[in-house]
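> Single-letter residue listing:
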Amino acid sequence: MIEVRDLKKSFGSLTILDGISFRIEKGESVVIIGRSGGGKSVLLKHLIGLLKPDSGQVLIEGQDIVPMNERQLLKVRHRFGMLFQSAALFDSMTVAKNVGFAFRRDRSMPETEIAGKVARILEMVDLPGTEMKNPAELSGGMRKRVGLARAIIYQPEIVLYDEPTTGLDPIVSDSIDKLILRVRDRLDVTTVVVTHDMRSARRLGQRILMLHERKIYAAGTPDEIFQSKDPVVRQFIDGVSDPKEYLS
Amino acid sequence: MKSWSNHLLAEPLEGLGRITLLARESIASLLTFKVAWRDLLYQIYFVGVKSQSVVLVTGAFTGMVLGAQTYFQFHKVKMDTATLAVVSVSMCSELGPVLTGLMVAGRVGAAIAAELGTMRVTEQIDALRTLATHPVDYLVVPRLMALHITLPLLTAEAIAVGIGAGYLVGVYLLGIDPTYSWYNMLRYTATTDVVVGITKAFIFGGIVALIGCYKGLYCGEGAQGVGRATTEAVVYSSIAILISNFFLTMTLGKLLHTL
Chain A
1 MIEVRDLKKS FGSLTILDGI SFRIEKGESV VIIGRSGGGK SVLLKHLIGL
51 LKPDSGQVLI EGQDIVPMNE RQLLKVRHRF GMLFQSAALF DSMTVAKNVG
101 FAFRRDRSMP ETEIAGKVAR ILEMVDLPGT EMKNPAELSG GMRKRVGLAR
151 AIIYQPEIVL YDEPTTGLDP IVSDSIDKLI LRVRDRLDVT TVVVTHDMRS
201 ARRLGQRILM LHERKIYAAG TPDEIFQSKD PVVRQFIDGV SDPKEYLS
Chain B
1 MKSWSNHLLA EPLEGLGRIT LLARESIASL LTFKVAWRDL LYQIYFVGVK
51 SQSVVLVTGA FTGMVLGAQT YFQFHKVKMD TATLAVVSVS MCSELGPVLT
101 GLMVAGRVGA AIAAELGTMR VTEQIDALRT LATHPVDYLV VPRLMALHIT
151 LPLLTAEAIA VGIGAGYLVG VYLLGIDPTY SWYNMLRYTA TTDVVVGITK
201 AFIFGGIVAL IGCYKGLYCG EGAQGVGRAT TEAVVYSSIA ILISNFFLTM
251 TLGKLLHTL
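Heads up: the sequence lines are chains A and B, in that order. Quick note on numbering: the working numbering labels position 186 of the first sequence as 186, and the sequence is numbered without any gaps. Quick note on numbering: the working numbering labels position 87 of the second sequence as 87, and the sequence is numbered without any gaps.
These aren't lab readings, by the way, just hints derived from the structure by calculation. Owing to the predicted nature of the structure, the values given are computational and were not obtained by experimental measurement. Please note that the accuracy of each hint is not assured.
Unchecked claim - To give an idea of the interface, some chain B residues facing chain A are shown, with a C-beta separation under 8 Å as derived from the structure:
hint, residue
1, ASN6
2, GLU14
3, LYS78
4, THR122
5, ASP126
6, ALA127
7, THR130
8, LEU131
9, ALA132
10, ASN184
The C-beta atom is built at its ideal place from N, Cα and C for all residues, glycine as well.
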């Protein structure tokens, strides 16, 4: 479904991604882990064409999206939903306007039908009755839920999550993880999650890819990754800032 | 050496290229009718109605000062009744469009750059793109059209108010003969002066919208990036208005007087 071939990306003289290749099958749940500032979000944005690589290919169902212009990409993006790190809600609109945005822009659906769909999807993300609230009135966890509702209302085939639990307390993080699993199972979507939350990674991923020093350093099932003896993988999973601590 | 030449040459050229592409994309969007009409209406309200006080004050006091200054000079050579003609021609072809353009650049251009810049740094523009919405269709075109429509109207208002205020100062404060003043004004103000002024305002509207949108869409990271984008939007659109005004005066003057 998604295939990345030899992807390279630099910002000025700083190389972020240097020859990334992987493949994600339809219906699969893949978690990309790695250190902050390591290029995980940059990689995720390449999958949906928000960023253009310096070289390499991104194939969606065999179609390379790299040479496409913005208008051609808009058609491909109908297949995607994306939850941003900050939720990226439109702050000039209510929750209902945010969630129903895609349908309203499409102009093919009557207002009552949009309202019905918005109410159903808000119920699915455990936020019934919040239609008239403004994004400023919502907590961090609620904003993520509304962002997710906006991303999945048009039933995309692929949902991308950029650090879905960052900045949330463990209880809210747990509820967001459960919500991601619920969306995956109910809508039967391909899921790609970028995170450095190890608990989330273990629960959400059928496969984990670890990004380290601009490359995919390790790949495997959650069990393989969490039982790895590789010092770099171990250091990240155990959250140890100084590798010498292993010696003591 | 490289960064100096880069700063002086490459960056402005890159900016010019991006604004040109933005203009091309906006025209393409207009032709395919992908415009958000509701947002266009809101932008017309925001630019037109909300700029009323600024434009009225600018137009009125410019007309008053111009009337007084012209009278002080013309009075020396006994040409008092030509005062209103000078006010009228100046307001129609130069001061009306330029001052309205500058005031709107300060108010609306800054607001556009700040709004779009904040949307960019909070990933709202990326969110738009993931929701299969082109930022040019949704954000740029309504603002561009609103400024193209409202700036000529605001300019016409500033011209009318400026002439009216100049008349009041001239006739009631300085004692100029109202009948001859009015007659001379109509005699020396040609339709082409009004056409030149309104055409300029239409073009200045495009300058303010495109520079404001460009600075917002390509703004740097964080609060500092938004602040810089806002300042640059106002400074660059003001300079662009002043420079293009000279070329428009020369071109439109030649063009309309030969017709």
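> Each hint should be assessed against the structure and marked as holding or not.
Hint-by-hint comparison with the structure:
A least Cβ separation of about 12 Å between ASN6 of chain B and chain A goes past the 8 Å threshold, and the interface hint is therefore violated. Interface restraint check: GLU14 of chain B against chain A, minimum CB-CB distance 14 Å, threshold 8 Å, status violated. A hinted interface residue such as LYS78 of chain B counts as satisfied when its beta carbon comes closer than 8 Å to some beta carbon of chain A; here the least separation is about 60 Å, so the hint is violated. Interface restraint check: THR122 of chain B against chain A, minimum CB-CB distance 6 Å, threshold 8 Å, status holds.
Of the supplied interface hints, the one on ASP126 of chain B holds, with its beta-carbon coming within about 5 Å of a beta-carbon of chain A, less than 8 Å. Against a cut-off of 8 Å between C-beta atoms, the interface hint on ALA127 of chain B holds, since the closest Cβ of chain A lies about 4 Å away. Hint status for THR130 of chain B: holds, given a least beta-carbon distance of 4 Å to chain A, under 8 Å. At about 5 Å, the closest approach between the beta carbon of LEU131 of chain B and any beta carbon in chain A falls short of 8 Å, and the interface hint on this residue holds.
About 5 Å separates the beta-carbon of ALA132 of chain B from the nearest beta-carbon of chain A, less than 8 Å, and the hint is met. About 51 Å separates the beta-carbon of ASN184 of chain B from the nearest beta-carbon of chain A, more than 8 Å, and the hint is not met.
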